Amino acid sequence: MDSSNGQPDKPVISPGVDRFFVNVHTTFLFVARFFRELFRFPFETREFIRQCYMVGYKSLALISLTGFITGLVFTKQSRPSLSEFGATSWLPSLIAIAVIRALAPLVTALICAGKVGSSIGAELGSMRVTEQIDAMEVSAINPFKYLVVTRVLATTVCLPILMAYTALVGLMGSYLDVHLNEQTSITFFFLKAFSDITFLDLFASTFKAMAYGFTIGIVSCYQGYNATQGTQGVGKAANISVVISMFLIFIEEVIIVQVVNSIR
Amino acid sequence: MKQRNPEIDMNDVVISIQDLYKSFGSNHVLRGINLDLHRGENVVVLGRSGTGKSVLIKIIVGLLYPDAGSVNVLGKDINSLTEADLRELRMQVGFSFQSAALYDSMTVGENLAFPLRRNNKQISNDQVRRMVDIVLDAVGLSQAINQLPAELSGGQRKRIGIARTLILKPQIMLYDEPTAGLDPITCIEINNLINEVQRRFNTSSIIITHDLTCAKETGDSIAVMQEGRFVAQGSFDEVFRKDNDLIKSFYQYNFIQ
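Chains as they are written, first to last, in our numbering: chain A, 1 to 264; chain B, 265 to 521.
What the hints contain is simulated information worked out from the structure, not anything from laboratory work. These numbers were taken from a predicted model, which means no experiment stands behind them. Some hints here could point you the wrong way.
Just some of the chain A residues that point at chain B, by a computed CB distance under 7 Å [as the list claims (entries may be wrong)]:
1) Glu-131
2) Asp-134
3) Ser-139
4) Ile-141
Virtual Cβ for every residue (Gly too), placed ideally from N, Cα, C.
Let's have the full structure, built from the sequences with the hints guiding it.
Next comes the structure, spelled out in structure tokens:
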């Protein structure tokens, strides 16, 4: 039973504070339900694959462009500072550290928060306000498992893959600039680039991307699944999905960097 | 006016609602509803918009919780069912939404096959195709199988919505404003379809409407709802003989129309 029920007549503290705590509570229940449904049969394999295609494959063009430009521009911006010290040979490893540790996970997550988050928020929001989710429910279908679990799982699985791809095209962008200026071979560039990358860097980036993917999925699904107020609510769900996802991604970035640096 | 279905079994109550209350904040929507639906019977719940008619059937199908009272569907108390039991019960109860609520991204055929495939993993593609053909034929829209919901008219969408509920072979049908927003001729077609569904699929139905013609043409009995209560219940003639302002205004409106 998902539809809203009665609300108290008078606020306990104030309407805004009450609403905040109610939201925290319902979000917690939503996340708990996700994990409960995740391990319950039957698995929605076909819908999960479809969502992976939507989240992963459909984002490739945008990710390619953004990743490539990020690598290229970052290299161009770093070159003058390094050339002052005659240290342009450090460019590959500097760029690789920056791209793999921070830029690739963050750029991928922000792009996906905008593209995938808004799309999930709007799609589920529209299904909610046009009673399509209720229609699933009364047809004895579990809409949470079919719509929410598959989408959250798809974003969580696809973000690390997209992140690896972003890192690769970012490094390719960087290589282009390095090659044009120093005529460096691609083998030498990548050997230099990965010389300072540790297992912890790769693990931390993958973990970050998974956390960002989960955040994007769960936030967008929560907003869409609980959308109200007709078409206005759909727009609001799409918008809030992006804003909250991005906000949480930055907070997670700070926390994960602190933890990883303390391990390093 | 509809002739009362002779196959109604007055000893077999498929839905029994006792003292049902439901509020949204300070808005008391349902204030002590009592209703029995017998096997083979079409009960029309007639009332103005916003009187809680849709809330009533959403409680019956477990989309909303009541604040007080009991709802018994096919011998099961809806409030005490587990999620799995509720899902099983819902396969016996078809719900036709006011907006039809078709899945936008699927064709008509996929819309119909979806609940069937989800609820029966072993079913073959041939069986699904056969069932889809049967229900599409029942609603007279066999040619629309490959169309998207956006390409259908309001009346066609309603028909497909009804077909989608029929595919699970429900014992009970709940219609939420089946004729709302349709032209008079399409309304007649939908009314005929509701009666056809009752005859052909042997269903018992609750029809929520504010359309007097729909009530007259589809109801074996009528319950008039006003401010969350039933103010009159009985056959069409019995109800419209009552001295009640709401009933008079309904009749007057219909006459003007």
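For each hint, the structure was consulted:
1. Glu-131: Interface hint status for Glu-131 (chain A): holds (4 Å vs cutoff 7 Å).
2. Asp-134: The hint holds - Asp-134 (chain A) has a Cβ within 7 Å of chain B, the shortest such distance being about 6 Å.
3. Ser-139: 4 Å, holds
4. Ile-141: 5 Å, holds
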